[in-house]
Amino acid sequence: MTRDQLKDYIGSKYASLMTPLDTGRFDPMFEVKADRLFEVSRALRDDENLKLDFLCNMHATDTRENFEIVYSIASITTKLRLDFKIVMPYQNAEIDSVQEVWPAANWYEREMWELFGINVKNHGNLKRFLLPDDWNQGHPMRKDWDAPDFVRMPEIQ
Amino acid sequence: MSAVRTEEFMVNMGPHHPSTHGVCRLLLTMDGEKVIKIEPYIGYLHRSIEKICENRTYHQCIPILDRFEYVTAMSCNYVFSLAAEKLAQIEVPERAEYLRVIMLELNRIASHLIFFGTTAMDLGALTPFLYALREREYIMDLFEMTCGQRLTYNYIRIGGVSRDIPAEFVPKCREAIKIIDQKVDEYMALLNGNPIWQKRTIGVGYLSPELAVAYGVSGPILRASGVDFDIRRDDPYSIYDRFDFEIPVRPNGDVFDRYMLRLDEIKQSVRIISQALDGLPEGEIKAKVPLKFKPPAGEVYSRIENSRGEMGVYILSDGTEKPVRVKTRGGSYNHLQVLPEFATDILIADLVAIFASFDIIMPEVDR
Amino acid sequence: MNLIPIVAVELQPIFAWIYRWLEGLGLQGTLLTVVVYAGLGVMVFGVLAVLALFLVWWERKIAGHMQQRFGPMRNGWHGWYQTMMDGLKLLQKEDVLVDTRDKVVFFWAPVICFVAAFLAYVVMPFGDGLIVADLNVGILYIMAVTTFTVISLLMAGWGSNNKYALLGGMRSAAQVVSYEVPMVASILTVILFTGSLSMVDIVESQSGLVFNWFVFRLPFGPVAFMIYITAATAEANRTPFDIPEAEQELVAGFNVEYSGMKFAMFFLAEFVNMFTVSAIAVTLFFGGWQGWEFIPSWIWFLGKTFMVVLLLMLFRWTYPRLRVDQLMEFAWKILIPIAFVNLIVAGWMKYAGWYW
Amino acid sequence: MLSIVKGIVELVRGMTITGKHLGKHAVTLQYPEEKWPMPERSRGIVVLLSDKETGALNCTACMLCMRACPTAAITIDAPRGEDKKRQLKVFQLDVGICCFCGLCEEACNFSAIKLATKYEFSTENKEDLVWDMHKLQEVGRDVPYEARPKKKPAPKPESQSQPPQTVNPVAAPESESSEDEKKEGEA
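Going down the list, the sequences are from chains X, V, Z and F. Per the working numbering: the first sequence = residues 1 to 157. Per the working numbering: the second sequence = residues 1 to 367. Per the working numbering: the third sequence = residues 1 to 356. Per the working numbering: the fourth sequence = residues 1 to 187.
Next up, chain X with everything else stripped away, as it sits in the complex:
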């Protein structure tokens, strides 16, 4: 399946769940509603034609307006690859854990919770592991985070 075929396949089969986005510059990119995440993940993994069983990467982005959580997934057998993202508001951000589908999400979700402050439901092991145990200075990967010793690049006129 080529990238365009994959796009068409998903567009025809999962039209109600995944909306194609045109921001993806290489691999197809879709948007998924936060409450349908678990459903989508399971469908993508169990689909006979896709078998997207390999979670390459998952991370959150702070775009200053809202959080985007991007899942990059691939398949070992069918060699396909696609990304999908969830856009959610800044306040009280919360997602479902996809550990049941891709156990690899465990640490990625933990890191997201730690560095962005996005709560993960049903995670089961939300413990600090990157920052110091006694950290109380907020979530450093957010754009508005600041600290006295945080050096930004000098602005040259």
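Simulated from the structure, these hints should not be mistaken for laboratory data. Just to be clear, a hint being listed does not mean it is correct.
[What the hints assert, rightly or not] The calculated lysine-lysine pairs, modelled on DSS-like cross-linking and capped at a C-alpha distance of 30 Å, are:
1) V:Lys51 x X:Lys143
2) Z:Lys163 x X:Lys127
3) F:Lys20 x F:Lys6
Given the coordinates of chain X, work out where chains V, Z and F should sit on it, guided by the hints.
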């Protein structure tokens, strides 16, 4: 004897333990010599590369990302350049692609040589480490001759490579890969048949293919578990589809297979390099990329096959000079994650062997 | 005159002179014996301390050249007094002590280790007549005192109140106790033919041609030697059997909490132990100090011992380390059966008279 | 029994391999006395180059290197004089945070800054790692370099051995108001 009471105890393995390769901390629950539970704690080498990159231009990100995985810094250079090129749809000149492949494969050999040395050292044999570093020196010399640095190259740039290779590079490179090819046989003679080595590695630390795929394990470890997957072949990037090479796969998923697979990969990399040297065309080494590089808004996740599995970079661009978000993905992150899942009820010596065979390096985990 | 311990023929006049000088000072009877033996003890101690320092340097050089580097090069010609400088440095260092240690046990562990390492040299025949005391239970005495080392390691592991150290101590106890059995069995094979436990008798029974060396008595001689050298490597806690201090697993094992001079004592004792097991191997299997007459006997002894030490060093820098359970398995399932079968074969051949 | 013999054979084989190396000569060097020759392209310490005839700094205070530096190790202070030209007043390099990436050298249009093949500049104080203009110039006095033509950059490097000018700011399509110095270099 019923009066004898035993209890489990916790041992802190790391962050400054000789065999955790840097600053990984494993909290072990042990029953005598037996490890019952492993809890990894990371973050001792956290340099917030992702946050730094948000504050840099695309060109400035490359030297920062050199430090993301310093054992194979060429891959870090490359994967970021690849993502940026995908974003801006840049066509890379032919010669640059060949040079990139040569450098990437040389770096893979260097990394696997380090793996060989440190694994042997963790299992108690100290001499192979020095032998492996001796051969790695040839590759480091080639890199220094080409780009001026031995570890943090900053060589592969957006749109090509920073400098053309010097005239004496090709003969020296041919000589180096020939020596390395011979020395790998010597390594195998030194350790493979050794009954102690076999006892320590064969059958130790079996990782099932299902668990490996579920936890995102990639690269040599995945292939040693019998899963035939290599991004160089299955999601081709650069010009890897032009070369004739094999992807070694081994079925047993134990420490010995992971070790042997990497030595086999060195041989395959040697094949790729010699083909690339033969086919090296003349021409441009860099596409025209402006200093104020502003890719159009969009996002891309690019991934390559590194010596430690899948290495990926995600870039979100809003059309300005600086990326909005750079997310790096290293293989070791997932490899460390899967460790507590299958390495239970083993002896502490086996844990050291498994950890060594995973070839985890901490900058990739902590970033 | 009979009070003078047996010493090398070349040194007899000097010793006689010292003896007379001491008598002239008014020393008599028991006191005289005590003084003479104390003097000898100091001499042996001095010689061995120098030997241990030399061995440390030598091992570093061997390891270096084996790995295609130089090893120590800074102090003197090829760094020949590097070890002395290291010792001086360790002497000056602060003795870092853990608060939660077991004070008595922690203090005495290195001392016992150090003393036990030197005790074996009471009956070691360095050359023709160059022996402190020719006990008639010589080899038995050596086996008895060298086992003291394990007690000290156990003490060090326990007294440090550190989990790594404790694991190391327990490992060493299990290991040394297990490997004692095949070692003694292989030594028994030798004693079967000499009929004496005295070290001097053992050496003299191998006099004559090279083929009289025990290692060349086919078929049991070489087997006994291989078993001995394996067990001895384990006894001396060296790779591939260095699990008590396995650096990559237990950081430094039993001596993880020791620093300064206490650590140096462990360190030196390790090298003295290595020399001890090699010296015993030479005495038992390679004809001890015997060789061509025109070279002094003690040079023969040292030369042969250094060859065996070189073998141990080759082991150390070539082989990976065994796991703790494989180590025990190897001792009990492979070494001990072979050792006993070898002993039975040797006994039978002795009984039947099929030997030369 | 056979496996034991085989094991012993393999052990001896391993020992012969390591034993063989005993006779070979070491591949290492005794560092402070002997040194490897540094390749020409080696990226060592950052130096400021001076003009071969006049001895004055080549730097025109265009701030391109400062802009290119990914770690903000370079600090330049160059107020504009009466003829609207910048006068270089302070050029400071914090060697402690410099990452020796070579981007400043590539950005420079005037052969003014270079990563020389020198190293060994360790100090005991962190403050000594902040190098000022004069020290950078002194260290760079004897560094050989090829002066770039001030008129126009070479069109394309023909020979391979010559380091090509890769990131060429001339190729930048945007021309911003603050980049008058760059245009001056072109003109």
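Hints, verified against the model:
1. V:Lys51 x X:Lys143: Holds, because 9 Å separates the two Cα atoms, which is no more than 30 Å.
2. Z:Lys163 x X:Lys127: holds (26 Å)
3. F:Lys20 x F:Lys6: holds (21 Å)
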